[in-house]
Amino acid sequence: MNEKNYPEFTGLELSPRKVDYLKFILEKGGTVKTTEISSVLKVDPSTTTKTLNELASAGYLNHVPYRGVDLTEMGEAYTQFLIRRHRILSLLLTHYGLSSEEACSEVLRFEAFVSRDAINKICSSMGHPMFGVCGEISHENCLHEEKHH
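As numbered in the UniProt record's numbering, residues 1 to 149 make up the sequence shown, in order.
Read the hints as simulated data drawn from the structure, not as lab findings. We treat Cβ as the ideally placed atom computed from N, Cα and C, and that holds for glycine. Be a bit skeptical, because a hint or two may be false.
To be verified - Taking lysine-lysine and the DSS-like style, the derived pairs with C-alpha atoms no more than 27 Å apart in a straight line are:
| hint | residue 1 | residue 2 |
| --- | --- | --- |
| 1 | 42 | 18 |
| 2 | 42 | 23 |
| 3 | 18 | 33 |
Claimed, not checked - Pair by pair, the computed Cβ-Cβ distance ranges are:
| hint | residue 1 | residue 2 | range |
| --- | --- | --- | --- |
| 4 | 65 | 100 | 34 to 44 Å |
| 5 | 96 | 36 | 17 to 27 Å |
| 6 | 97 | 30 | 38 to 48 Å |
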């Protein structure tokens with residue numbers, strides 16, 4: 001599933017911490033145990049459970065108590081956008097003198113506050129780069145929107 005199937009999201013729906021949860025779950029793949037999320041993100045288990053329930057209620061996750069969580073179709077599409085946003089912003093900062101490591105670290109501080117529309121425009125202005133400092137950059141959504149405007 002890709003983000004063009006969810007045209008209604010802005011990229012600003014979630015707090016930076018919830019973004020961290022989704023990115024971690026996508027990175028792990030499959031079902032991820034609550035205890036593992038708590039441990040890696042250094043969050044109290046009760047807080048992790050509360051946050052996962054909120055993400056599940058919003059449609060991003062399937063949460064089975066005592067089993068773990070995995071991404072829904074919408075959750076995967078949204079998280080793919082989050083990865084794309086991170087990679088585009090990191091690449092952008094390397095154009096202004098930051099090393100790859102500095103850019104990646106700096107972007108983590110503000111990426112959750114950059115809209116999907118802004119990312120699509122930045123991506124377009126950069127010529128739809130295929131690779132960023134953190135990996136491959138997808139373009140299905142911004143190219144799709146560009147062709148239909």
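Results for each hint:
Straight-line distance between C-alpha atoms of residue 42 and residue 18 comes to about 13 Å, which keeps the hinted pair within the 27 Å bound. Distance check on the hinted pair: residue 42 and residue 23 sit about 15 Å apart at the alpha-carbon level, within 27 Å; holds. Simply put, residue 18 and residue 33 have alpha-carbon atoms about 16 Å apart, close enough for the 27 Å limit, and the pair holds. Remark: the range hint 34 to 44 Å for residue 65 to residue 100 is upheld by a beta-carbon distance near 40 Å.
Between residue 96 and residue 36 the beta carbon distance is about 36 Å. The supplied range of 17 to 27 Å is therefore violated. For residue 97 paired with residue 30, a C-beta distance near 39 Å keeps the hint of 38 to 48 Å intact.
Of the numbered hints listed earlier, the single one contradicted by the structure is hint 5.
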